[in-house]
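Residue 317 in this note's numbering sits at position 274 of the sequence shown; the count goes up by one each step and never skips.
Keep in mind the hints are simulated off the structure, nothing from the lab.
Not one of these hints is a red herring.
Ranges between beta-carbon positions, derived for each pair:
| no. | residue 1 | residue 2 | range |
| --- | --- | --- | --- |
| 1 | E59 | E268 | 30 to 40 Å |
| 2 | G401 | P431 | 29 to 39 Å |
| 3 | G401 | R121 | 30 to 40 Å |
Don't be surprised by glycine CBs; every beta carbon is placed ideally from N, CA and C.
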Amino acid sequence: MDTLQYAELFLTESREHVVGINQALLVLEREETGPAAAAAVDEIFRAVHTVKGMSAMMGYAVVAELSHEMETVLDGVRRGALSIDAAMMDVFFHAADVLEQSIEGAVAGREGEVSAPDLVASLRRLGTASPAPGEWTVSAPMTSGTLVRVRLAADTPLRGVRAFIIVQTIGKLGEVTGTEPSLDALQAEGFGTDFALRVISALEPADIERVVRGAGDVEAVQIGEDETAPRLATPTPATSRDMDLGTPASLAIAEPAAANSRSRHVRIDVRRLDNLMNLIGELVIARGRLTQLAGGLGDTALSETVTQSSRLITELRNEITASRMVPVSQVFDRFPRIVRDAARSVGKQVEFIAEGKGIELDRSMLDEIADSIVHLLRNAIDHGIELPEERVANGKPAVGRLTLSAIRDRSAIVIRVSDDGKGIDRDRVLARAKRDGLIDAHRTELTEDELLRLLARPGFSTAEQVTGLSGRGVGVDAVYTRVRALGGAMDIRSVPGQGTTMMLRLPLTLAIVRAVLARVSDETYAIPLAHVSETIELTPDVVRTVKGREVLLVRDDVLPLLRLRELVGLPPCAWRGDIELEQVIVIDLGDRRAGLVIDELTGQEEIVVKQYDAVRDGLPFFGGATLLSDGTPSLIVDVSSLL
Numbered sequence: 044m045d046t047l048q049y050a051e052l053f054l055t056e057s058r059e060h061v062v063g064i065n066q067a068l069l070v071l072e073r074e075e076t077g078p079a080a081a082a083a084v085d086e087i088f089r090a091v092h093t094v095k096g097m098s099a100m101m102g103y104a105v106v107a108e109l110s111h112e113m114e115t116v117l118d119g120v121r122r123g124a125l126s127i128d129a130a131m132m133d134v135f136f137h138a139a140d141v142l143e144q145s146i147e148g149a150v151a152g153r154e155g156e157v158s159a160p161d162l163v164a165s166l167r168r169l170g171t172a173s174p175a176p177g178e179w180t181v182s183a184p185m186t187s188g189t190l191v192r193v194r195l196a197a198d199t200p201l202r203g204v205r206a207f208i209i210v211q212t213i214g215k216l217g218e219v220t221g222t223e224p225s226l227d228a229l230q231a232e233g234f235g236t237d238f239a240l241r242v243i244s245a246l247e248p249a250d251i252e253r254v255v256r257g258a259g260d261v262e263a264v265q266i267g268e269d270e271t272a273p274r275l276a277t278p279t280p281a282t283s284r285d286m287d288l289g290t291p292a293s294l295a296i297a298e299p300a301a302a303n304s305r306s307r308h309v310r311i312d313v314r315r316l317d318n319l320m321n322l323i324g325e326l327v328i329a330r331g332r333l334t335q336l337a338g339g340l341g342d343t344a345l346s347e348t349v350t351q352s353s354r355l356i357t358e359l360r361n362e363i364t365a366s367r368m369v370p371v372s373q374v375f376d377r378f379p380r381i382v383r384d385a386a387r388s389v390g391k392q393v394e395f396i397a398e399g400k401g402i403e404l405d406r407s408m409l410d411e412i413a414d415s416i417v418h419l420l421r422n423a424i425d426h427g428i429e430l431p432e433e434r435v436a437n438g439k440p441a442v443g444r445l446t447l448s449a450i451r452d453r454s455a456i457v458i459r460v461s462d463d464g465k466g467i468d469r470d471r472v473l474a475r476a477k478r479d480g481l482i483d484a485h486r487t488e489l490t491e492d493e494l495l496r497l498l499a500r501p502g503f504s505t506a507e508q509v510t511g512l513s514g515r516g517v518g519v520d521a522v523y524t525r526v527r528a529l530g531g532a533m534d535i536r537s538v539p540g541q542g543t544t545m546m547l548r549l550p551l552t553l554a555i556v557r558a559v560l561a562r563v564s565d566e567t568y569a570i571p572l573a574h575v576s577e578t579i580e581l582t583p584d585v586v587r588t589v590k591g592r593e594v595l596l597v598r599d600d601v602l603p604l605l606r607l608r609e610l611v612g613l614p615p616c617a618w619r620g621d622i623e624l625e626q627v628i629v630i631d632l633g634d635r636r637a638g639l640v641i642d643e644l645t646g647q648e649e650i651v652v653k654q655y656d657a658v659r660d661g662l663p664f665f666g667g668a669t670l671l672s673d674g675t676p677s678l679i680v681d682v683s684s685l686l
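Using the sequences and the accompanying hints, generate a full structural model.
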């Protein structure tokens with residue numbers, strides 16, 4: 044079997060198993076005994092066992108050896124020969140980390156760089172109190188034992204690995220006396236979806252079936268003899284792709300039922316989705332140009348065809364966009380382990396809560412923001428949540444609470460990291476800012492916006508000493524920069540003695556958005572429609588001056604007034620009579636609003652966002668660029684930089 048073609052699939056599945064191992068370890072550390080602990084041990088054992096089987100088939104010896112030693116210890120725990128204690132948990136957590144590193148290294152061709160002889164020795168010492176899981180062998184003649192016939196799902200990845208895992212799992216229930224096709228043929232995927240084996244075991248057929256189905260990707264199982272089934276003593280050629288294990292009636296597997304039970308999901312390399320999104324983006328630009336040209340020709344048939352094509356392109360774009368959306372749980376599930384390790388490193392007790400894990404976000408966006416969330420979680424643990432004795436002295440529970448949540452807000456996702464700690468020491472931030480000359484020496488307080496901007500300055504930190512978590516002034520700065528680069532915004536709310544909340548507002552996707560086109564002089568700018576509340580004409584009676592700054596009166600609201608001309612360095616607009624030739628776009632971002640003055644609204648358009656590298660010392664008001672339907676370039680206004 045050519046294992047290279049399966050390396051990426053092995054990596055994807057193994058990563059999922061490692062996440063499951065870490066989650067179950069956290070449960071096991073918290074419970075130690077009882078039904079929940081037993082279920083956690085079973086889950087860890089199954090995941091480690093699966094990784095062991097797959098890595099052995101792939102030829103990754105380091106991964107297979109480490110998972111085998113973990114499996115031995117876990118088997119002793121399952122059978123009651125070993126007891127869970129703090130020392131064992133530390134070894135398990137360390138083993139999970141090394142297992143993840145070994146998997147990544149093996150797939151990248153750097154398996155020899157990962158070596159943990161001390162860890163392997165520790166696992167072997169733990170396992171000495173428990174006999175290693177029994178190894179099964181294939182013997183001849185292969186006619187004794189209970190017949191077990193298995194049909195894998197039609198789209199099972201790595202069928203040979205899955206079949207090998209099933210045979211090995213059943214071997215732990217008794218003695219496997221034979222397989223059909225041969226074991227070598229199974230490993231080489233020399234079969235279709237069906238294979239069979241015989242096992243001598245004291246377990247009931249129902250228990251054997253439960254174990255087989257628990258291995259995953261199993262469509263059907265039949266236990267027992269059948270006159271139409273072939274004898275295992277006479278193996279069919281290894282090249283056979285469709286082995287007859289009995290009539291459909293005896294197997295109780297009707298073909299329509301098998302077809303209906305097939306998985307509706309496939310794994311796709313995210314790079315293919317990126318390419319599709321780039322292509323549909325170019326198609327959207329071409330559609331706009333085609334629509335404009337067809338409108339000027341006056342040909343009814345052509346206009347109808349263009350309209351139909353436009354509708355189909357929109358539907359295609361929506362489907363491609365939807366295919367890129369994944370639940371945030373794919374990233375959130377990594378964080379409980381990170382929080383646990385971070386809290387232990389500074390001697391704090393933290394209860395971690397994740398909410399809204401079903402909210403969906405573009406896969407690329409999710410990958411881009413993962414590290415930023417890690418920064419915020421670590422900062423909350425190091426700077427926010429107090430030590431247990433300090434919390435108790437202040438009338439708080441000894442265990443701090445750290446909450447990570449995701450909610451949908453129109454065409455954006457809001458991610459919050461909240462803690463119930465001591466809050467941000469504004470006096471210390473203010474003193475540090477004065478000392479560094481970042482703020483007027485006579486200031487006595489900071490607004491929330493000023494507080495965020497100071498904390499987000501490169502190198503700014505109020506930590507007394509550098510720790511393994513923070514203190515170098517790179518946390519909030521890195522997050523702020525990353526979020527802004529993604530076209531999002533960041534807010535902060537902190538109450539002394541009660542805690543701090545960091546909020547990240549992110550667009551659902553980076554690729555295609557609907558925008559309002561605004562003209563100033565002979566330049567056209569795109570403003571994402573998601574941040575536009577309304578548009579109004581600017582007349583002298585709605586403009587006031589408060590503390591030397593222009594404001595806009597909109598019904599019962601007073602909004603700061605920003606002039607796009609001034610922001611981009613153009614001269615003021617002319618007046619005609621007593622009415623100014625300008626429009627106002629009311630923009631909002633969360634609970635912040637403002638009026639943006641422009642010359643003229645030229646329409647709405649779906650734009651393809653293209654990231655660009657701004658010139659050095661250039662204006663900070665733009666988050667990307669696009670090509671309009673007439674082929675002219677336009678800069679995209681970053682609303683978060685204006686509010």
